[in-house]
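Please arrange chain B on chain A, whose structure you already have, making use of the hints.
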Amino acid sequence: AQTVTQSQPEMSVQEAETVTLSCTYDTSESDYYLFWYKQPPSRQMILVIRQEAYKQQNATENRFSVNFQKAAKSFSLKISDSQLGDAAMYFCAPLQGGSEKLVFGKGTKLTVNP
Amino acid sequence: DTGVSQDPRHKITKRGQNVTFRCDPISEHNRLYWYRQTLGQGPEFLTYFQNEAQLEKSRLLSDRFSAERPKGSFSTLEIQRTEQGDSAMYLCASSFYRVDGYTFGSGTRLTVV
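Residue numbers (our numbering), protein chains in the order written: chain A, 1 to 114; chain B, 1001 to 1113.
The following block holds chain A by itself, in its conformation from the complex (with noise of 0.2 angstroms):
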């Protein structure tokens, strides 16, 4: 079964800094999608960004961007400038090609500090 790695359970940011949440996955598969997740308390799962497996270029959505690392099967998750509404728990999710199941990580919650 895949397996997907969300090393921290919790991480914190300043308002206004950069954090970065870290996800490794296994897949054997060269077709692929990764997708990051946002799930703020009591509210619905957002999709945040995706990436292409097959795209060297790491994607971006406004202050979000991703370092894709496929040798290494890492995917992590910038976040720039932190605002008060990021704080949520976000989940990494790898897509593999032939499959319609999202498969998720633990999550990481993220705290904003004013």
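By construction, these hints were calculated from the structure, which means they are not laboratory data. Treat each hint with caution, since some may be false.
Claimed, not checked - Taking lysine-lysine and the BS3-like style, the derived pairs with C-alpha atoms no more than 30 angstroms apart in a straight line are: (1) K1011(B) <-> K106(A); (2) K109(A) <-> K73(A); (3) K1011(B) <-> K1071(B); (4) K101(A) <-> K1057(B).
What the hints assert, rightly or not - Which bits of chain B does chain A cover? Going by a derived footprint, with three or more residues having C-beta under 8 angstroms, they are: (5) 1036–1050; (6) 1088–1101; (7) 1104–1112.
Stated by the list, open to error - The following label-pair restraints were derived from C-beta to C-beta distances: (8) E1028(B) <-> Q56(A): 44 to 54 angstroms; (9) G1003(B) <-> A16(A): 23 to 33 angstroms; (10) E1078(B) <-> R43(A): 17 to 27 angstroms; (11) T5(A) <-> G1003(B): 40 to 50 angstroms; (12) S30(A) <-> V1113(B): 44 to 54 angstroms; (13) S74(A) <-> F1096(B): 23 to 33 angstroms; (14) T3(A) <-> F1096(B): 27 to 37 angstroms; (15) I46(A) <-> E1068(B): 21 to 31 angstroms; (16) T1076(B) <-> E15(A): 40 to 50 angstroms.
We treat Cβ as the ideally placed atom computed from N, Cα and C, and that holds for glycine.
Using the frame of chain A, we list chain B on its own:
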């Protein structure tokens, strides 16, 4: 479109009772997924529909669990003879292109007492 809707938001039931949850996906999405999330964990896959066909089921989905998606629109997830271990958040998601990621609903929180 108002996104993925789930009903009810919360359900408290006694052990041994049956419960049913409903999910209304985004109307143009042909793919629908059910996940279960327990406290402190990431969501775990339960089952997947493409249109009305249930194409994949997790081993987590015991015989007490059944899901349907009649006519490829809304879906229901039924749990029979609930157990305390069934207490969790049940999440529904939908997509059109799986590689674009899912849109999740707000979930149904089940508490079995």
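Hints versus structure:
Of the supplied pair hints, the one linking K1011(B) and K106(A) holds, its CA atoms being roughly 24 angstroms apart against a limit of 30 angstroms. Of the pairs offered as hints, the one joining K109(A) and K73(A) holds, with about 22 angstroms between alpha carbons and a cut-off of 30 angstroms not exceeded. For the proposed pair K1011(B) and K1071(B), the alpha carbon gap of about 26 angstroms is at most 30 angstroms, so the pair holds. Between K101(A) and K1057(B) the alpha-carbon distance is near 10 angstroms, which keeps this suggested pair within the 30 angstroms criterion.
Under a criterion of three residues with beta carbons nearer than 8 angstroms to beta carbons of chain A, the stated coverage of the region 1036–1050 of chain B is upheld, 8 such residues being counted. Coverage of the region 1088–1101 of chain B by chain A holds in this model, with 6 residues showing a Cβ closer than 8 angstroms to a Cβ of that chain against a need of three. Counting residues of the region 1104–1112 of chain B whose CB falls under 8 angstroms from any CB of chain A gives 4; the rule of at least 3 is met. Take E1028(B) and Q56(A): their Cβ atoms lie about 32 angstroms apart, and the range 44 to 54 angstroms is violated.
Between G1003(B) and A16(A) the CB atoms are about 31 angstroms apart, so this pair conforms to the stated range of 23 to 33 angstroms. E1078(B) and R43(A) have their C-beta atoms about 26 angstroms apart, which keeps the hinted 17 to 27 angstroms range intact. A hinted range of 40 to 50 angstroms is violated for the C-beta pair T5(A) and G1003(B), which are about 30 angstroms apart. Roughly 48 angstroms separates the CB atoms of S30(A) and V1113(B), a value that falls within the hinted 44 to 54 angstroms.
A C-beta distance of roughly 29 angstroms is found between S74(A) and F1096(B), which places it inside the suggested range of 23 to 33 angstroms. Evaluation of the 27 to 37 angstroms hint for T3(A) and F1096(B) yields a pass: the beta carbon distance comes to about 28 angstroms. Taking 21 to 31 angstroms as the suggested C-beta distance range, the pair I46(A) and E1068(B) conforms, at roughly 27 angstroms. The hint said 40 to 50 angstroms for the Cβ distance between T1076(B) and E15(A), and at roughly 43 angstroms that hint holds.
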